[in-house]
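Participant: The chain contents come next:
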Amino acid sequence: MAQRSFMAELSKHSQDDNLEAPPRLVSAFKKLPDEQIFVPPSIDETVVMAARRRLTSQLLPRSRWFRWRLWGAATALIVAAAILTRLSTNRPAPLPNQAAFIPGDLNHDGRVDILDAFTLAKQLKSGPQLDLRLDINGDGIVDERDVAIIAARAVRLEKGGRS
Amino acid sequence: MKTLGVILIFRLAAALYAEQSVAEEGRSRFRAVDIYLDSKSAPLAAYQLEFSVTNGYARIVGIEGGESPTFRQPPFYDPKAIQHDRVIIAAFSTASPASLPHGKTRVATIHLEYADNQELEAELKLHTAADSEGTKISAETAFEERKTK
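Same order as they appear, the protein sequences are chains A and B. The first sequence begins at 1 in my numbering and counts up one residue at a time. The second sequence begins at 164 in my numbering and counts up one residue at a time.
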């Protein structure tokens, strides 16, 4: 069955191959002169130049635009880097009371030790109203309990007493 | 001959095991170690130091204050240090400079429990010391095992 359909398809193709061009087209081709038409080289050059001009005029604006974009991006990068550098170097030094506040580090030496507890105890003894940032336990008042918390932090063992 | 060798090995192993169990049983002794600070002529208002047993044969069982009335109360320490071999102790006083100790003074005593046949090997590190103004001062540290009667 499959073989029969294949043969029918093949015969159809062979009929298509035997198609002939229309007689009018054949006669028109026969009337064409045999000698080649002479085209002067100046016309060739003119055509080539015109094509080149057209092509370059199409390409040039794109490349210029691309270059401008590159320059723009580079300038933006330089300006951003300059701003960042200026910001990082000219940042005003924080005032002592604005420094990165480690809770309990009253003397701002970067760690909590007994001297911080001592400092707070002395301030408490001297009497004035104390900064609420020194309220370490957050109970709303600065008192001896805050001193005790700082002292406990100072002696805290990170490894649980094992050396 | 072979049986004799096996018996010998068993006897040796038994002896070793017995020796080990005596040590584990806790033939231990309690000793007191006094902690001293010498602030020379400066009045000692605050200190923080770290004591640690370095040979691992002792554990801390108690901490008490020093000889000076200023530091007679037990210092601050982490309770986790008890039953272990390292402690940070610290204390301060807001008393007047005249009543603060200076020179060599016992600031604390650490009680240890350790194996009877072991010597104490420990280390004492000063973290900080300050005078009555809170200014850091240099001080020498020392510890001494208290003599038992």
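To be clear, the hints were calculated from the coordinates, so they are not data collected in a lab. Glycine included, C-beta positions come from ideal geometry on N, C-alpha and C. Be a bit skeptical, because a hint or two may be false.
[To be verified] Below, in silico cross-link-like pairs of lysine-lysine (DSSO-like), each with a Cα-Cα straight-line distance of 30 Å or less: (1) Lys203/B / Lys125/A; (2) Lys203/B / Lys288/B; (3) Lys267/B / Lys310/B; (4) Lys243/B / Lys299/B; (5) Lys122/A / Lys203/B; (6) Lys203/B / Lys267/B; (7) Lys267/B / Lys125/A; (8) Lys288/B / Lys122/A; (9) Lys243/B / Lys122/A.
[What the hints assert, rightly or not] Label-pair restraints from in silico Cβ distances: (10) Val79/A / Pro260/B: 53 to 63 Å; (11) Lys203/B / Ile78/A: 57 to 67 Å; (12) Thr298/B / Ile78/A: 17 to 27 Å; (13) Thr85/A / Pro237/B: 49 to 59 Å; (14) Arg192/B / Ile102/A: 13 to 23 Å; (15) Asp109/A / Asp279/B: 36 to 46 Å; (16) Pro242/B / Pro103/A: 50 to 60 Å; (17) Gly140/A / Arg192/B: 24 to 34 Å; (18) Lys288/B / Thr85/A: 24 to 34 Å; (19) Asp131/A / Phe193/B: 45 to 55 Å.
Participant: For each hint, tell me whether it holds in the structure or not.
Facilitator: Verification of the hints:
| no. | hint | result |
| --- | --- | --- |
| 1 | Lys203/B / Lys125/A | holds (27 Å) |
| 2 | Lys203/B / Lys288/B | holds (17 Å) |
| 3 | Lys267/B / Lys310/B | holds (19 Å) |
| 4 | Lys243/B / Lys299/B | holds (28 Å) |
| 5 | Lys122/A / Lys203/B | holds (23 Å) |
| 6 | Lys203/B / Lys267/B | holds (7 Å) |
| 7 | Lys267/B / Lys125/A | holds (27 Å) |
| 8 | Lys288/B / Lys122/A | holds (26 Å) |
| 9 | Lys243/B / Lys122/A | holds (28 Å) |
| 10 | Val79/A / Pro260/B: 53 to 63 Å | holds (60 Å) |
| 11 | Lys203/B / Ile78/A: 57 to 67 Å | holds (60 Å) |
| 12 | Thr298/B / Ile78/A: 17 to 27 Å | violated (50 Å) |
| 13 | Thr85/A / Pro237/B: 49 to 59 Å | holds (54 Å) |
| 14 | Arg192/B / Ile102/A: 13 to 23 Å | violated (42 Å) |
| 15 | Asp109/A / Asp279/B: 36 to 46 Å | holds (44 Å) |
| 16 | Pro242/B / Pro103/A: 50 to 60 Å | violated (21 Å) |
| 17 | Gly140/A / Arg192/B: 24 to 34 Å | violated (50 Å) |
| 18 | Lys288/B / Thr85/A: 24 to 34 Å | violated (42 Å) |
| 19 | Asp131/A / Phe193/B: 45 to 55 Å | holds (46 Å) |
Figure legend: structure checked against the earlier numbered hints; hints not met, in rising order: 12, 14, 16, 17 and 18.
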